[in-house]
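First to last, the sequence lines map onto chains D, X, G and F. Under the working numbering, the first residue of the first sequence carries the number 1, and numbering increases by one thereafter. Under the working numbering, the first residue of the second sequence carries the number 304, and numbering increases by one thereafter. Under the working numbering, the first residue of the third sequence carries the number 431, and numbering increases by one thereafter. Under the working numbering, the first residue of the fourth sequence carries the number 1046, and numbering increases by one thereafter.
The hints are simulated quantities; they were obtained by calculation from the structure and are not laboratory data. Only true hints are included.
If the Cβ cut is set under 8 Å, some of the chain G residues that face chain F in the computed set are:
no. : residue
1   : 561
2   : 564
3   : 571
4   : 582
5   : 585
6   : 597
7   : 601
8   : 1012
9   : 1027
10  : 1033
11  : 1037
12  : 1041
13  : 1045
In silico DSSO-like cross-links for lysine-lysine, where the CA-CA straight-line distance does not exceed 30 Å:
no. : chain 1 : residue 1 : chain 2 : residue 2
14  : F       : 1486      : G       : 527
15  : G       : 1041      : F       : 1243
16  : F       : 1409      : G       : 772
17  : X       : 426       : F       : 1156
18  : G       : 526       : G       : 788
19  : G       : 527       : F       : 1478
20  : X       : 429       : F       : 1397
21  : G       : 526       : F       : 1409
22  : F       : 1479      : F       : 1199
23  : F       : 1397      : X       : 426
24  : G       : 960       : D       : 57
25  : G       : 999       : F       : 1478
26  : G       : 772       : G       : 529
27  : G       : 527       : F       : 1487
Don't be surprised by glycine CBs; every beta carbon is placed ideally from N, CA and C.
These are the residues of each chain, in order.
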Amino acid sequence: MEKVLLDILGAIVTFLVAFVVGMTYGGLNRKITARVQNRKGPPWYQNFIDAYKLSSKKSAIHHGVMHHLGPAFLMVTSVMTLLIVPVLSHNNWFPNLNFQGDLIFLLYIMTFGPLGMALGAGQTGNPNSAIGVTRGLSMMVGFEIPWVLALVALMIQYHTTSITGLMAVQAHSGTWLMFSSPFAFIAAVMALFGMFRYSPFDIVGAPTELASGPIAETGGKYLFVMMSSGSVFTFAKLTLYVDLFLGGADNLFILIIKTFALYLIPLLYSLVSPRYRTEQAIRWFWGWPSFFGLLAILQAIIF
Amino acid sequence: MDNTLFGYLNYAVYGTAVLVILIGLYGTMVKKSLLKVVIGLSVSDSGLNLLIVAIGYYKGGTAPIFSPGFLENFKSVSKMVDPVPQALVLTAIVIGFGVTAVALALVIRLYRHHGTLNIDEIKNLKW
Amino acid sequence: MEMIHIIFLIFLGGAVLTYFSGKISKVLQDIFFLASVLVPAYLFFAYVGAGREATLSLGGITLIWGVNHFSWLFSLIVLGLGSMAAIYAIGYMKGKKRKGYFYFNFILSIMAMMGILLSIDLISFFIFWEIMTWSSYLVTIYNGHDIQRIGIKYFVFSAIGAYAMLMAIVIVHHLTGSFLMSSMINFYPNMSLSMQIWIPVMFLLAFGVKAAMMPLHVWAPDAYSNAPMAYTSIFSGALSKMGIYGMVIVLVTMINQIPQGFWFREVIAWLGGITAAIGTLWAIKQDDAKKLLAYSSVAQLGYIITGIAIGTELGMLAGLFLAVMHALFKGTLFMVTGAIEKQTGTTNFNEVTGLIRKMPWTFIAALLSIIALAGIPPLGGFVGKWMLYESLITSNHYLLVIVIFFSSTAAFLYCYKFLFGFFLGQEEKEWAHVKEAPAVMVVPMLIMAVMMFVLGTFPGIILKPINSGLMDLGFVDSFKHLWESSVILNVWGNHVVLQPILYWIIGIFVFFMIFLTWKGFKTTRYVSTKDISSSGEVPADDENLTFSVGFMQPFMRAVAPAMRRQIDKYYNGIADGLESLFEFIRRIYTGNGQTYTIYVIVFVVIVLLFKNILF
Amino acid sequence: MVGTPVLFIAIPLLAAFLIPLLGMIWKELVRIVPGLVLTYLLILAVNLLVHVLAHGPVVEVIAGWVPPIGINLVFSVFSGFLVTLMIFLGLLVWAYSYRFKRNVDYEPALKYFLMLMMLITGSVGIVLTGDIFNMFVFIEITSISGYGLTAFYKGRDSAEASFKYVLLGSVASTFLLLAIMIIYSQLGTLNMADIANKIHLMNPTLKIVSYIFFVTALGIEAEIFPLNGWAPDAYAEAPGPVGAAFAGIVVKASVYAIIRYTFTIFDLSGAFNFLIIIGMITLIVAETAAIRQEKLKRMLAYSSIGQMGLVLVAFGFGTEEGVFAALFLMLNHAIIKSLLFFSGSYLVYNSKCKYIKEVNGMSKFLPVTSLLFALGAFAIVGLPPFAGFWSKLSVMTAAADSNMILIMVLVLMVSVVELVYYLRVVNRIYFFKKETAIEPKKPTFNALVVMIVLGVIILAIGFYPDVVTGVLHKASASLMDKSQYIHHVLSLRQ
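Between the sequences and the hints, there should be enough to build the whole structure, so can you do that?
The following block contains the structure:
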């Protein structure tokens, strides 16, 4: 019983860290984008201000039970991903629920939230939301292919479907998987572009076209929960990549450096790319990224 | 079958019979008039009967008829031609007659119905 | 008189009685119908255990029926889903015409399926197979809609399959002198190589048709969507499983005996994978819920086929678990569609929308089954998918994993389309009058939804029967060694891994649900779906804002090249070609008597010419 | 003694002659007498069959002339089974058409029943006789009554159909006589058993030629493919029950004759393969021609032709299993095809052209007839648990045991075609909207009873095939045992 309580406490701590880090990354994103575009941009803590504003709104409107619960679905995914991914190795304050064979579980739990949120967005009856959702789901099918190719390559090469297993491999050999399985890394990072939905893959919530798409009808505390969920999810995904390809992290500082370095890749790519249409995006993912994924599998089979 | 004239004649009878059959079949298959078709059938029947009788016949045989004194002269039994084909022919003739009658009756009905005797035009039932 | 005999008699007599009692009273008919499905189901589970046998001698052939653990497992699907669908059918068929016809064929289908499962000899297997085919065919054409194409297509495919099986059966009989399935399996390694190839291929043709395997699947979407939904739920849920059952019992056990069987399994596994991908893509394209679910069934059956074709214990386990799950969720989804059809009169996504507040219970059932179908963790579908991936990876089918994963991800698209199309979106005035379906329809759906949840949380409930069934087929007891040998390395039998995760999921969900709902935090307020941000103005009541036409268009544009070719078209081409050939053949009969006479003469002449060859 | 085979020929023949005379006394007698006669004959046949099953074949000598000189009738299990079947079907045809034309006229009924009795006499004679010329006579009797029955309706195209029948029938009789004469000129005997005994003495070429002539002649009656031009027309134009009688009685007799020649009389080794080839061609051509038919009865006719092709194929296996399968097929075909003709002719009763599309939606008006037609359709395509399945199964088993894989493939492919056109019709009956203004005609009581009896038989055989398989096995054994046949007939000489 005590362990369970400790676990819950740890989970809360993990959540808070992820929330803060994720929010900060979001703020930095806005800042960097602005600087590149030769604007001043909002301060890095702007996201916290936004979150505070949203959470303190007096009331919120919803369009039905699915819309009401949509953010909760999304949160489940974010938090579960966060909890299953080992945040830090050997640290009691960051417990994780990871288990043998959790990569496949992760693949599926990561789709749970978007689907739940999509249901919420669907119930609003706003056509923009539904259009955004269809685009988002289509895009998901796009980037999942290179992502899965990369993961399968790792599973084959190291005979494990567990994240800790892969981390152990890296610790044992001293080489990051980024270097021992470069193709998988490339494919996975390219898939990451799609996961973050930054430009050129931002047609899902294209603000000017769809009024932010799926979240068009969401406001107040709903948007707050969604926003925090997005931040947590960002952090969780980055941590997962760090664990898989960059050898994990022993303390928070290293983790933040590694994740931020990783975060810069899609961020910087987005700055120089105009928006793709959905089918262009899908085909992009099924092009080079999948090719690299296949190369990774080939490498895994041969070696 | 010997090589005497009579032997060749025997062949000739067979040949004639077959020829008649073929003529009849020709009429049945080629002629367009229904009546000619029926006549063709009849002709080939006749040829057939001829053939059957010819098969039963052999040289020098007597008619297979019981006559007074027939049994006394027992040797004549062996001189008698085979009676069975002749009996068969009788039956066949009767049957052929019946068939021809039916066919002619049908021809009449066909003529009434279609107004023609050309077999090519009586093709309501096909495929 | 064994209990098995009695069960079959009840089915048969019940079918006839149900049919004729409709002439007296509709209520009586319903009662008879329910009784003739539920009573045998009860009798079967209460009195017939594994190892029971019964025989019947017909026409000099001894038909043997018996139960083993494996067939017991499938009986669970058939009778369980059958009972649910039967209860549902009472509500669904209310006020429809041809009730007796429907009930009759429903009962016969269930009887035939049970017969297939209980058959130990191939003849009774075939007999019941054919009864199943025609009874399902009769239901398929129930609506009378486009039956000359849909119905005939279904029956032709089934018949080709069944006849191939018949050929295989009689050849086996010729070779072994016995109709017993076990003697065929035992004799299989001793057959000549060509027979070793052809016998499984012929069986596969039959099973592949029923299991809607790729080149043979074209009948399925039409047939599934054309049958009444109460039947389609067993059609897709249980009847298609007969193909799976046959594949397992005949193919896997037979082919595993020879080393060349590897290639065979490989081909089937790939066919299954391609089936899954194609079925998914076409499901996304559909605008009609029935068609969507039908294609989705094809796709799901593809996973199952892949699973069992892998042939490892884990693969079999995955395939069979998915089979059970598919019966549950696809059965429920078809019931949901039927309920909506009953209440609104249409199943087209472009017409019906926004039913969530009108049919909440139906929505819950639909939601849970969709989650199970998509394979999202808390529900059972995930367990099967997971095992499938594991088995594919451990047996080195790397590319197949990608194909399967692609189709299972793309499945989200049609899953969402289904839920959105019916339940979400604008609540148009047109459907304001719609009421929740009657309890007799809703309750079976909810029961099955709960079962899905239970099986997702405690997969061991169904994995254990599957395991003992597989042991009956000659597989090793997978509970002891499977988990060590696999990549998973967990001890699932005791539910120690998945359950905490599930509790976490539920806990987090509940926490945030309360967080969102708690009034003390911030009040929330419901507004209608017309009250949305639409360029800053509130749309009028009669303004139709529903978005459903061309729903997944971006995705369809992306995959357009893959969908340009349709197998259906090739089959249609063949059928048209044959019909013209037949039209030509019948012109041999010209109608001219003289021509016929010439035929006779030509016949004689030809035979005379070739007499030395002929005689 | 339980009765003698000669009664099966004498009584119906006598009845046929008496019918007009009795009609003068009381017109209703014309309808009643055939039924009484046929019932009596059926009882007789069953009795005799039971006797024969226990004690071996009964050989009857006509007029005291013992074989090989005289004519003899053989009632073995094989021929006895067929005779019983034919008489049973004859009875059903009579019962079905009892009220036939009743309200219209006396004359047509007289002709109809007279010719029907002649037809049965001829067919039974073909099966029973042990003399090839006698067989010729019976074939002619059958044919001529067949011509008459085909041309029964006036004002339709029946005369045309009948004329084609006559044309081909005459050619057939020509060939038959030729064949008989070849054998007679070679062996000097007309008795089947005697011929079978001496057949090895025959000139091989002439033997083959005569066999070919026999098959051609009988093939015309038995509807073998290039020879069957008359059949679809005759079936389509004859009254419905006559179609059943053709399919169930005439064709059976002709096939019997072919089989007798192939199995018992001739000893040609290639004859079996020849049967398979012509049977196969017949099957394929007929079934494929049937699928595109526009008229119901024509479709049934082609289907019937195809079935007879399959029967020949099954006989062609030359094994006892093959014969068993063929006999089973013949039995099923007789019953099921009769049912189809019976019910089918009510489905298109009042239509002039008998188009298939005219059955659309008939199930609403004629529920029982439609149901029985559907039952027949399901049975004939061989779906279990109906009668047709068991015969199909036995054909397949026999084919597999003879290693005829290709034959199996072809037969099954053709079965699919068969399935398609039958199901199309059934679908039309049940699921299409009635378009034409044709008044459906309710079946008369006796017709309904007959159809239901046939339906019950189909179900009975389907659910419990053992009711017939015993007899069929014995019958096939008796056909296969050639020496016993010769022995039984020729032993009367002593």
